[in-house]
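Asker: This is what each chain is made of:
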Amino acid sequence: MSSLRRRKPINESSDSKHNEEEEDEDHDDVDADGDDDVNGKNKKTPSKIKKKRGEKPPKQPKWSCMDTCCWFIGCICITWWLLLFLYNAMPASFPQYVTEAITGPLPDPPGVKLKKEGLEAKHPVVFVPGIVTGGLELWEGRECAEGLFRKRLWGGTFGEVYKRPLCWVEHMSLDNETGLDPCGIRVRPVSGLVAADYFAPGYFVWAVLIANLARIGYEDKTMYMAAYDWRLSFQNTEVRDQTLSRIKSNIELLVATNGGRKVVVIPHSMGVLYFLHFMKWVEAPAPMGGGGGPDWCSKHIKAVVNIGGPFLGVPKAIAGLFSAEAKDIAVARALAPGFLDNDIFQFQTLQHVMRMSRTWDSTMSMIPRGGNTIWGGLDWSPEEGNSCAKKGEKKNETQIADQAGSENAVCKAKSANYGRIISFGKDVAEAPSSDIERIDFRGAIKGHSAANTTCRDVWTEYHDMGFAGIKAVAEYKTYTADSLVDLLHFVAPKMMARGTAHFSYGVADNLDDPQYKHYKYWSNPLETRLPNAPDMEIYSLYGVGLPTERAYVYKLSPHAECSIPFKIDTSADDEDTCLRDGVYSVDGDETVPVLSAGFMCAKGWRGKTRFNPSGIRTYIREYNHLPPANLLEGRGTLSGAHVDIMGNFALIEDVIRIAAGASGEELGGDQVYSKIFNWSEKINLRLDEEIPVHSSR
Amino acid sequence: MASVLRFRKLCYVESAVKCTSVGYESFEIDEKLDEKEEDVLSANHFALEINKKRKQPKRQPKEWRCLDSCCWIIGYLCTTWWLLLFCYHCLPVTLLRVPELPGPGVRLKREGLTALHPVVLVPGIVTGGLELWEGRPCADGLFRKRLWGGGSFTQIFKRPLCLLEHLSLHYETGLDPQGIRVRAVPGLVGADYFAPGYFVWAVLIENLAKIGYEGKNLHMAAYDWRLSFQNTEIRDHALTRLKSKIELMYISNGYKKVVAVPHSMGVIYFLHFLKWVETPPPMGGGGGPGWCAKHIKAVMNIGPAFLGVPKAVSNLFSAEGKDVSYIRAMAPGVFDSEILGLQTFERVMRMARTWDSIVSLLPKGGEVIWGNMDRSPEEGHVCDFSKKSHSKTSLTTNNINNSDVKRGFLVKDLANYGRIISFGKPASVLHSSKLPTADSKEFSRTSTSENFNNFSCGEAWTEYDEMSRQSIQNVAADKAYTTTTLLDLLRFVAPKMMRRAEAHFSHGIAENLDDPKYNHYKYWSNPLETKLSDAPDMEIYCMYGVGIPTERSYVYKLSPNSRCKSIPYQIDNSVHGEDGSCLKGGVYFADGDESVPVLSAGFMCAKGWRGRTRFNPSGIATYIREYRHKPPTSLMEGRGIESGSHVDIMGNFALIEDIMRVAAGATGDEIGGDQIHSDIIKMSERINLGL
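For the protein sequence lines, the chains are A and B, in the order given. First residue of the first sequence: 1, per the UniProt record's numbering; consecutive thereafter. First residue of the second sequence: 1, per the UniProt record's numbering; consecutive thereafter.
Don't read these hints as lab results, they were simulated from the structure.
Here are the simulated lysine-lysine pairs, DSS-like style, with alpha carbons at most 27 Å apart:
1) Lys299(A) to Lys608(A)
2) Lys245(B) to Lys299(A)
3) Lys520(A) to Lys216(B)
4) Lys471(A) to Lys426(A)
5) Lys221(A) to Lys216(B)
6) Lys145(B) to Lys116(A)
7) Lys630(B) to Lys584(B)
Cβ pair distances, simulated, as ranges:
8) Leu166(A) to Arg110(B): 23 to 31 Å
9) Gln178(B) to Pro287(A): 50 to 58 Å
10) Lys151(A) to Tyr171(B): 37 to 45 Å
11) Ile76(A) to Gly585(B): 46 to 54 Å
Because the structure is a prediction, the values reported are computed rather than measured. Think of the CB as a built atom: it goes at the ideal place given N, C-alpha and C, for glycine as much as any other residue.
Between the sequences and the hints, there should be enough to build the whole structure, so can you do that?
Answerer: Shown next, in the form of structure tokens:
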């Protein structure tokens, strides 16, 4: 009888039903009469047989586990589809309506507000994206990357990173010797506004700014995204892709098609340095430069609105190159080191990432420039006396409110020695310089370690150093900005050999020296002059109020085999000196310290200096960071963080006003919250034209 | 009691299986079961046991109802689906790949070809993407989203009226309506795929990339294809941008001239560009007379609509024939249904009539080219629709039959292609002398005021609503129209549109090209009214598919429902010719690529520009490359690698190979000169045009 009870799937074939019914007849002899009747009926209406048979056996449903599961899933699916349908049928303004119902009416986005004021598109706008934020797509690849033609490898969903990580790393890396494409691989920047409007779905970079500009009438013919391959050194983008020529041609086109109105350039992050390089390149004569003639910039550029510009480099870049730990800009933070560090998968992720990023010349453009003059020596630093208001709070939470209060209570007892960008051990970082015994590493012999051959295919230059070399590095105890460059030369000679051919980190003594005509100096504001364009304006827009990495406490990695031998000593903490998890932080936008973003506009280029002979006006616009008030706001409209600031309404408003024709004075001149002017004062950099004959200046 | 129980159970079984209510039949059974039940009860207590057992599951409220079964099925399907999906994703990537034929790119790379000349792609009408930059409130949230092409057209289905409003242009100016800015999507993404999976340029781009092309030497000249050509410059500076891009590519690629690859309407757009760029500034680009010679190596026209397409006529006249084949997806049958009361047809027509560019596709050259009442250059073309689906296979058979049928082609139903619109089949067949000779030029718009429909005709406004019943009849009474009288007809039925568009396009033939009036930009896109630029080293290719029946002329009738707000004319689908006739469903077909007839695509290269003619004073070399259509042999091939149809030809390997060879430096003679399958040479000879 148990067969009676078995619930049968409906879609089972009728044959099996027959079988079962026959079974029924065997067991249920009493039903014989009924069966006869049914048979009689069969003759009458054969078409109904199946139906009858289906009804006839008195089967009682019994739910097997499987059925229940299926039923359950079905229910969920149906609900899901219903919701999806409702969602799709919902009017587009509904979410906004809900948001407004909860949080009260949102402020008008700046584009709408300014349109009501009557602003209209005037100057064409050029965006220069920064490192990492630009999309890269595949044009030619190895076999493992089949089917990815013209798909994004960088930016977008990053789906491929998870699917075939090694393949991805291989394609994203450049050639270790030349810093250009490896053989058989062509990865190119995505062009157009889509290149950097969103970094990942939902994670805007330029999109908010673009949308707001469009409100006052901007469109494709008046906006241009100067997308470039951010992995290459700046000059190599021209050598390989003619990117600089394309930017030049596009700017000329924009000016020509918009009635001769000059462009407003908006570089972000590393784009700031890239555009600095461009301005020198475009006026330099042809073989090395663009041959635009000495007044190209003054003819074509109204203003350069730098957002979060690391003019003088970022300390984060050091940590990135030295131990692949701090990520060079905040967005890459998603690849959290804690997660990648675990050796479960034996992927040696960190080393892979390091090897990959070390092939990118551009990261070397962000090494702190200006040496001890700017970044401070063993015992002093311009930021000295900076107080850290965060009392063990999470980084980006509400320290602004109490900062004002604690600012006057500057802790005098201990002050962080920010000048020591890398120290080995917390005690070293804090000790007075006279107490530190340093053994010079520069001449140290690099032994060849046994680990060399066993380390699979992951190769970082650390394997060539051997234990002796590693030890020597640690023995030197502490590094200032000057010695850092030497340190990097020591630990990664090949990389630095490539890098120093394209970038320079010093301060020029005499800018007339013909050596400064070489392109490697063009992106260093301390070794070039601004173009001769007295009507141009340079803005420096950046967020403040976020703790920003400034100096590190390192230790030797416990397992020195096949891995990166140094790591940040995350156990080092000190409330008083802004030391947290082995990192000293100062004011900034979470990536770029105020000093780097603001110094050139606050002092280096202010008025007529030797770096700014034509007296281009400079303005500093700082934006105090306020975290988003609630979750609905997303990344906030008042944020000051390095990338999120692109959605800061105040900043967007400033940018739109400039694009619509306002001058720096009309915006309100400088807007400063940090102590950038104080700190700049402390920096002892000669700004006068040096030649004694011209002492009149 | 047990019987009740049984009955309920029965209901359940029935509903589980059939989900229908318990009807008459089950009741019948019920009676029988009752009898049975009595037997059971009286006979033994074994049955009682059964009943007890049966009661057990009853107490749990789990009854299989219809809904449960549905849930169960869906759950079952979903689980299986997920399992399969999971397996699919777990498989190594290489295993999944459909073994693709290696494209010509791979082969040519092995031959050692590398990128040499920069390549400019010029998309045609409809294929380019359009995105929204500013819109009405109904288009909220669509900022910089595609309204047309590229992504899925989901938005069209979500808010169709809103979309139509945004895609329409201003009826008077042909530019943006107030408060709406829709712009072309720039870059390669602008036209690589028209819809997901429906490639346009993607295959060509991929193959070019194989031999080293990339962003710096490959450019998509995206433009807003709805505008008249000169307006793309006025509004978007599209021509200036194209000029600047070509100059940049020329310089940054080591002074290598550019190979331009326009498609469909892009062909005449590029023709316009070539004239524009050498014309002095206020009207032109000021590139100077040598610009083309200096910057352009070759123009490789794909599916060129040099002399227009008859499809554009039916589109403008009654929104019926779709201007390029794949709008066909919006099957008229669906839209015609009045259920939704959307008047889709009228709205689509109104939108299309605001697009100046469609007017650029009207047949050019009048009766000289397209034939008059009694003769046409294609005379004697033989069609074969024996295999019903006309886009397939008709050609292979055509091949074989060609020789036999040609001998006996003078059968009754000889197509008078010259009559591009006829009202009623007789009008399309009869000799011209037998036709009523109403003078088409004297259309008089019987004063609009007497139009009684005027007020009742809601907002779906087409110019037809302004016509009186009488004049509508008059148009039909005129029986047959040739290309020349057709323009008069259009001027009559849609005066505003034609006034607007004819300021930008001209459809005649120049008597004297030195006449200063031909300096005006409206003549630039008509190859019969302009001279090619002085660039003797340039090459012009006409590459197109042949072997697909292509709309050439139409048989119309008056629309039965004469309500207001409907289009008063429609193609008479009931008219069919006999076997061997080219008339089918009210449309006469000729050879072509499904959109462009051979005549329009090939004539300029075959005759108009061949050698030194007055249209080609510097003797630019021309080459005809025809590709015979072969339908895809299997489903795996997708849209075929040997297709000749208007858009699918962009995936034709032979064509791609030709383009790549030219881009890599070959000349027309090196790739084999002319390659002709159709009767284009013969047809051209029949055209009596002073050269």
